[in-house]
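Protein chains: 2
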Amino acid sequence: MSLLSVGTVAFDSIETPFGNAEKIIGGSCTYIALAASYFAPKVNIVAVVGDDFPQSEIDNFKEHGVGTDGLQVKKDQKSFFWKGKYHMDMNSRDTLATELNVLADFDPIIPDSYQDCKYLLLGNLTPAIQKTVIQRLKQRPKLIVMDTMNFWMETALPELKETLKLVDVLSINDEEARQLSGEYSIVKAAAKIIQMGPKFLIIKKGEHGALLFDSKQVFFAPALPLEEVFDPTGAGDTFAGGFLGYLAQTDDISFDNMKRAVIYGSAMASFCVAKFGPEGLKGISADRISQRVRDFIDLVQFEISLV
Amino acid sequence: MSLLSVGTVAFDSIETPFGNAEKIIGGSCTYIALAASYFAPKVNIVAVVGDDFPQSEIDNFKEHGVGTDGLQVKKDQKSFFWKGKYHMDMNSRDTLATELNVLADFDPIIPDSYQDCKYLLLGNLTPAIQKTVIQRLKQRPKLIVMDTMNFWMETALPELKETLKLVDVLSINDEEARQLSGEYSIVKAAAKIIQMGPKFLIIKKGEHGALLFDSKQVFFAPALPLEEVFDPTGAGDTFAGGFLGYLAQTDDISFDNMKRAVIYGSAMASFCVAKFGPEGLKGISADRISQRVRDFIDLVQFEISLV
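In order, the protein sequence lines correspond to chains A and B. Following the working numbering, the numbering of the first sequence begins with 807 at its first residue and continues without gaps. Following the working numbering, the numbering of the second sequence begins with 807 at its first residue and continues without gaps.
Treat the hints with care, as some may be off.
As a list, the in silico SDA-like pairs of lysine to any residue whose alpha-carbon atoms are at most 25 angstroms apart [unchecked claim]:
(1) A:K998 - B:L1105
(2) A:K1005 - A:E968
(3) A:K998 - B:E1033
(4) B:K1081 - A:A997
(5) A:K948 - A:S808
(6) B:K994 - A:N897
(7) A:K1005 - B:I1110
(8) A:K889 - A:P823
(9) A:K1011 - B:T822
(10) A:K1065 - A:L972
(11) A:K1011 - B:S898
(12) A:K937 - A:G1003
(13) B:K1011 - A:Q985
(14) B:K1022 - A:D1104
(15) B:K994 - A:F1108
(16) A:K889 - A:K1081
For the record, the hints were derived by calculation from the structure and aren't laboratory data.
Let the hints inform the model, and build the full structure from the sequences given.
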């Protein structure tokens, strides 16, 4: 039983107040797969790149035990490229360039060897492609997590709402939750979104942490206060990958276990932001992950006895 | 042994996206004293008002067991007045009017009956007046908490730094912490500020919660996600009042107990923001406070066993 990550594998150029990185590896699927690989028994990816994509990076996926049978390499085509610039607060960014390239006519083909997929993470892509992936799986996964963004709310809202009905968990940021629901209050926004289909909603607030809602409960996990945040690119995808990877490892989708998964996702995101691109996600020892989780426990746990 | 709250008792006019309130009771000392009154064995106030201040509001302090011997009422003078407008996000506000009135030559006289003060909360006032209060106490309190704001960092930084050396806990918001330290990273900012004098630092982040630092540890408490936030005025003072009130009640200033105090302060702040002005702080039952603290426990507690 495996975890399938679908999304982009791409090149990013990133400017932050602390430095620049030109044409490094990025993409939602990259961050998700690397983060999940520390937990899930098996991680597979479905994505598309051009033949400008370095073999060494495909090898890196393999070194992390990530199956790349579903990674299509298009001859004489270029990989998806995104260029962005972060402001001082690191919570807002400007997109400076987007070149779809191979992504323009991406057809997500699922290899037969992936059909045992039990946990599906639909990284940020057009909602229509996300839906196609669900339809192409012969058996419905035990849990489907969907990430999306404001761009699709503006350009493909009907398709997004269709796909939303088919998933279990939606992962978006606070501004996107407000946009999708038309409610300013996050609590009201969550209630409305849960009526649109997903049983669970994760609202990511960047450096201010993340909230997990179901129809009755809410759980909050802060982001770890860090001395330095170099590059927030991929932090949300990394969070989602750690979250679903942990659920796949433990094979328990109760709300209590999802709380733990949120903590593991937050821990992985804290590794991600400490370096440019996905560098911080490479070669993390189990001990470092445990220590990071311990830091979270120290950060938020308290003892109060109420009569 | 008592808790002394020094600050403003005033009139506020408040505009929010959800409504307006004209000339209602406000002031840092008001919020602090009401919040602390639910916990501390005895709360006293030192403040100044004009004779336009309604006797019914002075009676309301007394009904909450708050000692008003140190509340000076200046004949033929007007009370301090502040008018502000909140934006949709409720984290930012514009000051539309400030009339100092009686505050212009406030001399904080400490009644003899207050000299048993064990816990001192210096609400937002000029740093020079805050220092005078400390000097006029014959015995140094067990714990001194100081609140301040960016205005004093811009207009009275040397005096602020002097007063800072005399206190145990500083309570400011995240932007103020950045301004005071010159560091963008909250973690670095906290380390610098703790070197300026206070052993503990509370960084308030509004709807994003609060952080408690000492030189070695950090604790984070979220704000409770609420369906409606009507008016954030006084939320920071209410938090501080609940925080110090709880410490006075338990008479334990260990870091572990300060964590609990942060939760109680956050619980009181959640009552405050649900109504205009300090209305939400009146007549709260012990049961409602316990239930609110239970909501915090449900919001953040999780179980992870690490080997």
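Cross-check of the supplied hints:
1. A:K998 - B:L1105: The hint holds at about 20 angstroms.
2. A:K1005 - A:E968: Answer holds: K1005 of chain A to E968 of chain A is near 15 angstroms, not above 25 angstroms.
3. A:K998 - B:E1033: 12 angstroms, holds
4. B:K1081 - A:A997: 22 angstroms, holds
5. A:K948 - A:S808: 11 angstroms, holds
6. B:K994 - A:N897: 18 angstroms, holds
7. A:K1005 - B:I1110: Holds - the C-alpha atoms of I1110 of chain B and K1005 of chain A are around 24 angstroms apart, at most 25 angstroms.
8. A:K889 - A:P823: This hinted pair holds, its Cα atoms lying about 15 angstroms apart.
9. A:K1011 - B:T822: 23 angstroms, holds
10. A:K1065 - A:L972: 22 angstroms, holds
11. A:K1011 - B:S898: This hinted pair holds, its Cα atoms lying about 18 angstroms apart.
12. A:K937 - A:G1003: Distance of about 14 angstroms is within 25 angstroms: holds.
13. B:K1011 - A:Q985: 23 angstroms, holds
14. B:K1022 - A:D1104: OK: K1022 of chain B and D1104 of chain A at ~12 angstroms, within 25 angstroms.
15. B:K994 - A:F1108: It holds: about 24 angstroms lies between the C-alpha atoms, which stays within 25 angstroms.
16. A:K889 - A:K1081: 17 angstroms, holds
The structure agrees with every numbered hint stated previously.
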